[in-house]
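A.B. asks: One line per chain: the protein sequences are A and B, in this order.
The first sequence begins at 1 in the numbering used here and counts up one residue at a time.
The second sequence begins at 1001 in the numbering used here and counts up one residue at a time.
Hints are computed from structural coordinates only; laboratory data are not their basis.
Cβ coordinates follow ideal geometry from the N, Cα and C atoms, glycine included.
Hints are not guaranteed to be accurate.
[What the hints assert, rightly or not] In silico lysine-lysine, BS3-like type, Cα no more than 25 Å apart, as pairs:
{"id": "1", "chain 1": "A", "residue 1": "K326", "chain 2": "B", "residue 2": "K1185"}
{"id": "2", "chain 1": "A", "residue 1": "K216", "chain 2": "A", "residue 2": "K416"}
{"id": "3", "chain 1": "A", "residue 1": "K381", "chain 2": "B", "residue 2": "K1185"}
[Claimed, not checked] So these bits of chain B aren't anywhere near chain A, every CB distance computed over 10 Å:
{"id": "4", "residue": "V1147"}
{"id": "5", "residue": "M1337"}
{"id": "6", "residue": "E1363"}
If you want the building blocks of each chain, they are given just below.
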Amino acid sequence: MEKVGCFLCTGCDIGSAIKTEGLEEIAKESGATAFVANECLCAPEGVEIIRTAIDSGELDGVLIAACSPRAKMDEFKFDLNKVAVERIGLRELVVWSHQPGDEDTQMLAEDYIRMGTSKVTKMELPKPPQEAIDQTVLVVGGGLAGLTAAKASAALGHPVVLVESTDKLGGYLLGVKDLVPERPPYDTTHKNDIQDLISEVESNDKIKVYKSAKIKKIGKQPGQFEAELLGGDSFKAGAIVQATGARPYDANKLSHLGFGKSPDVITSRQMETMILEGKLQRPSDNQMPGRVVFVQCAGSRDEKHLPYCSSECCLTTLKQVSGIRKDFPDVECAVIYRDLRAPGQLEHFYLGVQENSGGMFTRGEVDSVDTAGGKLKIHLKESLLGDEAVLEGDLVVLAVGMVPTSADGEAIRQLKDARARIEKKESDTQVAEGQKLEEQLKHHDGTEILNLNYRQGPDMPVLKYNFPDSHFICFPYETRRTGIYAAGAVHAPMDAAQAREDGWGAAMKAVQCIQAMNRSEAVHPRAGDISVADFFLQRCTQCKRCTEECPFGALNEDEKGTPEYNPLRCRRCGICLGSCPERIVSFPEYSVDAVASMLKIIEVPEEDEEKPRMIAFLCENDAYPALDEAAARRLKWNPWIRVIPVRCLGAVNVVWIADALSRGIDGILLIGCKKGDDYQCHYIRGSELAEYRMENVKETLERLSLESERVRVVELARDEYARIPELFEEFAETIEEAGPNPYKGW
Amino acid sequence: MTEEILPSAEFRAQLQKRGGATASRCYQCATCSSVCQLAPDQAPFPRKQMHYVQWGLGDRLAADPAVWLCHYCNDCTTRCPRDAKPGDVMQAARSLTVETLAAPRFMGKLVGRAKFTWPLLLGLPFAFWVIALYALNGLTIPEAPLVYDVLVPHWLIYVVFFPVTGLVLLATLISGLRFWTLIGKNQERSGSFIGTVIPAMIEVGVHSRFAKCGTAGSRRWGHFFLMWGFIGALIATTLAIVALYLIGTYPLPLDHPFKFVGNIAALLLLVGGIWLWINRLKGGEQSGTSTAFDNFFLYLVLLVILSGIFTEVGRFYFPPALACWIYIVHLTSILTMFATFPYSKFAHLIYRTLAMVHERMAELKASK
């Protein structure tokens, strides 16, 4: 921007903690054309000064040097189509967190004014995408979650297309008699009412239902998905809810529990059928069993089988015991559990069923089931009796867990790539590697569900335990594909009550996504952002890093490997910006150049002044709010550190490290969210990629005879604000020990 | 070696009848064991016993001293998050153990099912006395001033009670030995039995364990008076025999010091009996749940006490016929009480004492 105004607020102790007289000159040296100091900038009068300057065309860029960008958001709201706005939180970054009147504090404030002003001069106005958005919600899967999502989306005023692969709607619940209690007093099962929901959906004229249907392909991007079914029908959709459910874990792998060895060892699904049909019989002799023994966690919470808890098997068993005792009161039921999970009000159900089981509930782990002889012998280890124990039963029910039906899009892509490599025959090693990969991944063949035309694969990439969920605590229903939400058992293991709620939740996310696109806005987590990335393709070297690393598959490739950007798939995280060695990716208000200009304008004192300078890139999702919190609690931290908020650690381009070090900056700290299986990164892979990239940077530093500890990546959660002073101090000490950056003064 | 454990439906049904059905509600959180003031640190109860009950392990319960170390304070029941009433379950386990260890077994069953057998248990001794007295003297009611010896000669009392007491002592000894052997198998002991019995008896005498009870703490004094009343009655009876044969006084005048001992005992019994009876009538967790087995015992004790007191008073103030019939009722209740001693709740006298001795000896072993 060319006409940049710097607005300094002197309220909230800013004016008394720092000397404000010299700041005008500093701002103007850094590129500001106007400077205003006001003692209460957030008051209507203060805001009016800024607004008048913008409306008169006097300014096209504004730096508000006042409180944190996370404070007073409503007051400092301007038309971003007309003006570039940057905010520097002098109150939090300087005044609250440092010694007032101190020389170092003054230098810190001055640097922030320089950095902020300089950044605004490099910012541009956004060019929001003007695209036609389809309002339809496509629901894939006609089970409880899918039916609920379809009903919910229609109720929210959107047309719905429901695609079901079998010839009947209803899914798993078609084979179920009663449901776990969902209403007070939570002590008795109630009738399965799936048929009501099916007829409600089928009679809704906003919902178009396809049965026995499969998706051939889905093209383009959210807001404009173009779906084509096998058989030729095609339609457009704005967002997708995938509710394709789960399969029971394959009991054939549980031979130690007697499955396959005796017909009288069955799965909970088979028991469900028996209860539905009203025929409780031992498969071996068609006699009514005297004692039914339920084995919980059959293959669940077991590293050799399913490492997770499917959360509904306990409730299903409670329901089945209740069903058996209701219809066959002479049959004893014994339940062997590791931890019986009946959360919340379901304790009432659990208590009642346990009391009337006719047998018992006991904690223990089933070691094996002995199928020799007439009766089944269930061997327990680690039972509460302290020693090994044996229980006899006539029928053993294995409560098996859930395996999601999600197809691993990434694996399918890798498989395709491997086959392409084999076909190309570039070298023997290439072919051998391709063949090895093909062997490993070929079981993914034909598992495609959505068949998206994404460079990163035809389906959603799966995360922990093969579920496509992106992070169920922080970002419910989010997947790694914008505009596509998972609901029901494919989202996470769950029971009917949860699936119902999940259907609603995912539908609301899908509708929210369509509505945001109607306003040209980004969805979670940069909700409301109207800018999109710009690729300066003339300089692209087709290295494919951006197309590989984008966590959301926003980029396709043309034949040469040039990225094809789909703005509606984009979450604006900036990971592509961080990945690009040619620095061709930029956002109007967040570009390589803008941040680099901030680094370049920091005043770096001479070596003999003994004032080291460090940069801390803070992820604006969790680390920066934590910093604000630390400041609000008046925690003090090291004044040699300059904080730069970034969209994600993955949006840190390594050139910034080089820029900073070559200017004599002594150390660079990157603070972001947790990575790994239990990641908290809002863009899933950002922290992981940053860590990886910085490892490479460190190697380069070593080669240049620079200490690698000058660059450090740290994970910080939103609630760990108290760690910040210590973290900064420790880093400052490390840097002091390493000594001044030898490039200082060059 | 794998132990084969099979819960038996029959056991569960038994326990249910005796008031232990709530065990099926237990989810083994061990709140009960941690709040119990009486449970030893190294062998806490009643969580484990609750689990035995759930699995139907009657044999393990019978061999477990903890079943008897429990004084039915109900602190566990008050705090149980699932209302599984561990106190009641332990009570049921005791009644079942009494039956399991009974010698002969059928007597245990007979008394164990007092809900149905009580007319038999009281009726048989009553019939015996009526028939015996009829055969002896045509059940002729003596003239006033009433001397009971005329109605029931002392030799008849000896002929009846000495053999019954002997048999009962034998049965008690057999059951006690069975129990002692069983509990010794699970937990090693050391030290002298006699040397340990004495401190244990002192503990029983002052009821120091009952003092630790929270919820059912009020039962302590009722039980205390009742126990000392029975001991007093035993002393008074001995003194009466001494008076009869060594001093030659019969019947004792009301102001005789021996009579005073008997009257104090009667008072203690009356106070204790009524205390416990009222306690039970108040209901709630402090009283626990009463089963037929408990009620039979309590009403029998009350019958013994009241018939005893009225027998004494009746001698002077009642028409002879009424007094004599009261005396027959008294003799009946005493006979029933004696004959059912090792099979009724009275048996706790032997089992609990042994369990307390065992606990001390096991602790001694563990500390070595």
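A.B. asks: Confirm or reject each hint.
C.D. replies: Tested hints:
For the hint linking K326 (chain A) to K1185 (chain B), the alpha-carbon distance of about 43 Å lies beyond 25 Å, and the restraint is violated. Taking the CA atoms of K216 (chain A) and K416 (chain A), the gap is about 17 Å. The hint holds against a cut of 25 Å. A distance of roughly 24 Å separates the Cα atoms of K381 (chain A) and K1185 (chain B); the hinted pair therefore holds under the 25 Å criterion. Annotated as non-interface, V1147 (chain B) keeps its C-beta farther than 10 Å from every C-beta of chain A; the closest such distance is 60 Å.
With 10 Å as the threshold on Cβ separation, the claim that M1337 (chain B) sits away from chain A holds: the shortest Cβ distance comes to roughly 37 Å. Annotated as non-interface, E1363 (chain B) keeps its C-beta farther than 10 Å from every C-beta of chain A; the closest such distance is 20 Å.
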